[in-house]
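A.B. asks: Sequence:
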Amino acid sequence: MLSARSVERSATIERGTTEVFVELPFERGLRLAGQVLDSGAPVAGARLAASSPGEPGGQSTTTDNQGRFVLEGLSPGLNQVAIGAADFSEMELRSIELQ
Numbered sequence: 001m002l003s004a005r006s007v008e009r010s011a012t013i014e015r016g017t018t019e020v021f022v023e024l025p026f027e028r029g030l031r032l033a034g035q036v037l038d039s040g041a042p043v044a045g046a047r048l049a050a051s052s053p054g055e056p057g058g059q060s061t062t063t064d065n066q067g068r069f070v071l072e073g074l075s076p077g078l079n080q081v082a083i084g085a086a087d088f089s090e091m092e093l094r095s096i097e098l099q
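Heads up, the sequence shown is in our numbering, so the first residue is 1 and it goes up one at a time.
Incorrect hints may appear among the rest.
[Said to hold, decoys possible] Between beta-carbon pairs, the in silico distance windows are:
1. Arg-9 / Leu-93: 33 to 39 Å
2. Glu-97 / Gly-40: 22 to 28 Å
3. Glu-14 / Pro-42: 57 to 63 Å
4. Glu-23 / Thr-62: 32 to 38 Å
5. Gly-29 / Arg-68: 16 to 22 Å
6. Gly-40 / Val-70: 20 to 26 Å
7. Pro-76 / Glu-19: 44 to 50 Å
8. Ser-39 / Arg-9: 47 to 53 Å
9. Ala-33 / Leu-78: 16 to 22 Å
10. Glu-97 / Gln-66: 25 to 31 Å
11. Leu-37 / Arg-9: 40 to 46 Å
12. Leu-93 / Val-22: 37 to 43 Å
Keep in mind the hints are simulated off the structure, nothing from the lab.
Where a beta carbon is used, it is the ideal one built from N, C-alpha and C, also for glycine.
Build the full structure now, drawing on both the sequences and the hints.
C.D. replies: In structure tokens form, the structure reads like this:
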């Protein structure tokens, strides 16, 4: 899954100008990191997806061999996080607030 951010800024280009520099500030997203465990044992290969209501797209990742994950570029506020793994039922947490 690809994800992209965009930013817009107006610029005036005068006749005869060969170069124009425009600063396009991207706001950094938030980072959610953790570990998926089952009875204290890491769950490798679990799928996680996070998204903010009303915003297109989202972020997804898979846990490593130690059950660790990192989701980056998340929006502040309420986020929906879904976690799923083979041989486990899917659990969705609807009210994780990121600041």
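A.B. asks: Take a look at whether the Cβ-Cβ distance between Gly-29 and Arg-68 falls inside 16 to 22 Å.
C.D. replies: Hint holds: Cβ distance 19 Å, inside 16 to 22 Å.
A.B. asks: Given the hint of 57 to 63 Å, is the C-beta distance from Glu-14 to Pro-42 inside that range or not?
C.D. replies: For Glu-14 and Pro-42 the Cβ distance comes to about 59 Å; the hint holds.
A.B. asks: Can you let me know if the beta-carbon spacing of Leu-37 and Arg-9 is within 40 to 46 Å?
C.D. replies: Given about 45 Å between the Cβ atoms, the range holds.
A.B. asks: Starting from the range 33 to 39 Å, see whether the pair Arg-9 and Leu-93 falls in it by beta-carbon distance.
C.D. replies: The hinted range 33 to 39 Å holds for Arg-9 and Leu-93, with Cβ atoms some 36 Å apart.
A.B. asks: Between Leu-93 and Val-22, does the beta-carbon spacing fit 37 to 43 Å?
C.D. replies: holds, 40 Å
A.B. asks: Take a look at whether the Cβ-Cβ distance between Glu-23 and Thr-62 falls inside 32 to 38 Å.
C.D. replies: holds, 36 Å
A.B. asks: Could you see if the CB distance from Pro-76 to Glu-19 stays within 44 to 50 Å?
C.D. replies: violated, 36 Å
A.B. asks: Does 47 to 53 Å hold as the CB distance between Ser-39 and Arg-9, or does it fail?
C.D. replies: holds, 51 Å
A.B. asks: Can you let me know if the beta-carbon spacing of Glu-97 and Gln-66 is within 25 to 31 Å?
C.D. replies: holds, 26 Å
A.B. asks: Take a look at whether the Cβ-Cβ distance between Gly-40 and Val-70 falls inside 20 to 26 Å.
C.D. replies: Holds, at about 21 Å.
A.B. asks: Holds or violated: the 22 to 28 Å window for the beta-carbon distance between Glu-97 and Gly-40?
C.D. replies: Check passed, 26 Å falls within 22 to 28 Å.
A.B. asks: In this structure, is the beta-carbon distance linking Ala-33 and Leu-78 contained in 16 to 22 Å?
C.D. replies: holds, 19 Å
Checked against the numbered hints above, the structure violates only hint 7.
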